[in-house]
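Undergrad: Letter by letter, the chains look like this.
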Amino acid sequence: MNSRERILGRVRRALADAPADEAPIARDYLREHGQRTVAQTVELLAENLADYRAVVHRTDPGGLAGLIAALLEKRGAASVLVPPGLDEGWLAATGAARVADRPGSTPGELDRVDSVVTACAVAIAETGTLVLDGSPDQGRRRITLVPDHHICVVRVPGQVVSSVPQGLERLDPARPLTWISGPSATSDIELDRVEGVHGPRTLEVILVGED
Amino acid sequence: MSGTYLGMPAFPEAAREAVGNATLRGNLRHATHTIRAKRATAVSEVSDWAELREAGKRIKDHTLRHLDRYLVQLEEAVTAAGGVVHWAADAAEANEIVTQLVKMTGESEVVKVKSMATQEIGLNEALEAEGIHAYETDLAELIVQLGKDRPSHILVPAIHRNRGEIRDIFAREMSEWGRPAPEGLTDTPAELAEAARLHLREKFLRAKVGISGANFMVAETGTLVVVESEGNGRMCLTLPETLISVVGIEKIVPAWQDLEVFLQTLPRSSTAERMNPYTSTWTGTTDEDGPQNFHLVLLDNGRTDTLADEVGRQALRCIRCSACLNVCPVYERAGGHAYGSVYPGPIGAILSPQLRGTGSEIDASLPYASSLCGACYEVCPVAIDIPEVLVHLRERVVQGGEVTREGNKVVLRPAKGHAAERAAMRAARWAFTHPGVLRGGQRAASRTRRFHPRTLPGPGRAWSGTRELPPVPAEPFRDWWQRTRGGKDGDR
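Quick mapping for you: the protein sequence lines, in order, are chains A and B. All residue numbers for the first sequence refer to the UniProt record's numbering, where the first residue is 1 and numbers rise by one. All residue numbers for the second sequence refer to the UniProt record's numbering, where the first residue is 1 and numbers rise by one.
Certain hints may be false.
A short, non-exhaustive set of chain A residues, derived as facing chain B with CB atoms under 7 Å [as the list claims (entries may be wrong)]:
1) R4
2) T59
3) P173
These stretches of chain B come out as covered by chain A in the derived footprint (C-beta under 8 Å, 3 or more residues) [unchecked claim]:
4) 29–35
5) 158–168
6) 268–282
7) 288–295
In case anyone wonders, no lab produced these hints; they're calculated from the structure. Think of the CB as a built atom: it goes at the ideal place given N, C-alpha and C, for glycine as much as any other residue.
Let the hints inform the model, and build the full structure from the sequences given.
TA: Next up, the structure:
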């Protein structure tokens with residue numbers, strides 16, 4: 001008997017006396033917490049992102065390229081990673097060298113890039129969370145991990161939901177997902193929260209209004 | 001479980017030593033009180049906490065009730081998504097599978113995401129024995145590994161260390177394992193985290209094999225979920241070419257939607273955050289993004305035996321948040337090492353004796369490592385009635401009875417060391433059913449009370465070693481009643 005059969009057999013014997021359980025699971029918890037207008041939900045996203053030490057900026061589509069260029073310049077970024085499907089207009093104003101997200105690039109090469117700019121799939125206001133799903137405007141998971149500075153653009157209010165349940169509904173589990181709530185952090189030393197261990201130590205979020 | 005813990009003394013002895021260590025008590029008190037207060041705030045932000053808790057409990061119970069079906073469904077989904085599923089009945093088999101998988105890659109070092117399951121099976125030691133170095137990449141695990149120490153908390157394994165101790169460990173040990181600590185390293189948490197970042201980054205960037213556990217596995221989609229803060233998880237899950245995940249079979253949830261409950265309750269219960277900084281999910285492999293070889297090792301190692309126990313099986317609902325540790329008055333004073341297991345605190349006191357059986361002295365003592373105050377049950381986000389299971393396991397230790405071990409029903413004999421207690425209880429039962437004997441005994445006790453020792457001799461010494469003997473009144477209650485009220489209207 002192989003281990004698969006052994007384990008499944010043990011499970012079935014262990015449950016032989018267990019009462020049948022067919023009552024449906026009550027999902028009487030809330031779909032979102034509190035009553036908010038769309039604008040208030042966006043405001044809450046901004047507050048919660050900032051509470052976990054993300055730097056939040058706001059602009060409109062016309063100001064986006066200029067803001068990104070300014071943020072990269074302020075950071076002193078000489079190079080910026082670009083996912084293959086990123087809107088070209090977003091980087092129109094920056095002089096930083098573009099580094100393409102190539103499958104063949106090594107982690108060492110990524111480590112030498114200063115910043116990365118991506119879009120996101122959805123943002124969750126109540127928890128201050130951005131979710132990236134590997135779409136062409138977000139690129140592979142590692143490009144938002146190795147560089148020390150991540151600029152993430154969120155289209156508001158279209159990409160913003162209130163809650164975790166609403167966020168999950170919008171996501172495709174077949175894609176690799178990365179949920180980001182503030183920059184990398186640790187609480188391992190005397191439970192003091194310190195930002196920045198292995199992921200980007202600076203997370204800047206641009207909330208861009210829609211036309 | 002891991003051989004590291006073999007030969008541990010029973011809980012009372014280990015705890016006595018720990019309680020005498022003032023630094024340890026100070027570190028633990030500071031840490032548990034900090035997180036306790038933060039957690040209460042994080043939980044109070046969600047008005048439907050009770051409903052989320054009940055849903056979490058019900059989802060887990062439902063999954064466990066149909067675990068065979070969900071395991072098969074998960075296997076199919078992971079396989080369809082490009083992963084390979086392996087089944088391991090015990091620690092030895094799991095270690096063997098992982099070792100072979102690493103050897104097949106030709107690599108001799110691996111990077112690891114913090115994982116309770118791999119600690120439980122002693123994977124690092126098993127790999128080391130085959131010449132494979134496993135680097136722990138969680139900051140706290142790194143502190144533990146460099147300090148040649150053992151983890152003492154589920155979530156914050158180095159909770160027993162303060163910043164000064166951590167600085168000393170980094171300065172002394174980092175050069176042995178790779179990039180040395182920077183010159184003049186101070187004990188500020190930011191500098192210590194920076195030292196860890198530099199030390200580990202060189203390992204991440206060259207790693208070809210990553211090893212992880214998982215917080216959840218979704219049967220419906222074959223998705224695995226890892227919840228973390230530092231980004232070391234993302235490093236291990238996405239940079240290597242091969243990813244091996246070792247996961248206990250109880251970590252399944254049926255559907256994608258079920259994550260909406262646990263992704264709300266887990267971060268708030270564990271780190272007291274609305275959401276942890278990073279959550280990664282992956283479903284098999286994805287072309288050109290992340291590892292191209294994915295292996296899932298499904299681990300039993302005592303879980304099916306636990307499932308066979310009607311009362312005890314609820315321990316398998318545990319999502320390893322560690323809230324129960326942070327509120328436990330016993331954990332706060334004794335520390336995690338005293339539990340002699342990778343699962344310390346209240347959950348460890350019910351999980352370890354079930355996974356490993358109550359055969360050893362330490363496992364037989366764990367159900368007693370509690371004041372039964374119930375705080376652990378109150379905070380548990382999946383409502384595990386830990387006190388109920390503790391009492392159930394105490395009964396098993398004292399009385400023996402039928403249990404399942406490695407899939408077989410066996411009859412457990414009463415544990416040694418409880419003979420005196422059983423004899424005392426039998427004597428008490430006899431006395432209480434013979435009023436004349438009881439009266440005579442009580443009078444004798446009252447009249448001789450000046451001569452009573454402060455501690456009990458013989459087998460009673462252990463009991464009175466940690467308790468005051470109750471004072472005996474000058475006159476038994478029944479005599480007093482007879483003399484005062486009883487004479488007037490109570491006498492029939």
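Undergrad: Look at each hint and say if it fits the structure.
TA: These are the hints, each one checked on the structure:
1. R4: 4 Å, holds
2. T59: With a minimum Cβ separation of about 25 Å from chain B (threshold 7 Å), the hint on T59(A) is violated.
3. P173: 4 Å, holds
4. 29–35: holds (count 4)
5. 158–168: With 5 residues close enough to chain A, the hint holds.
6. 268–282: holds (count 11)
7. 288–295: Holds, because 3 residues of the stretch 288–295 of chain B bring their Cβ atoms closer than 8 Å to Cβ atoms of chain A.
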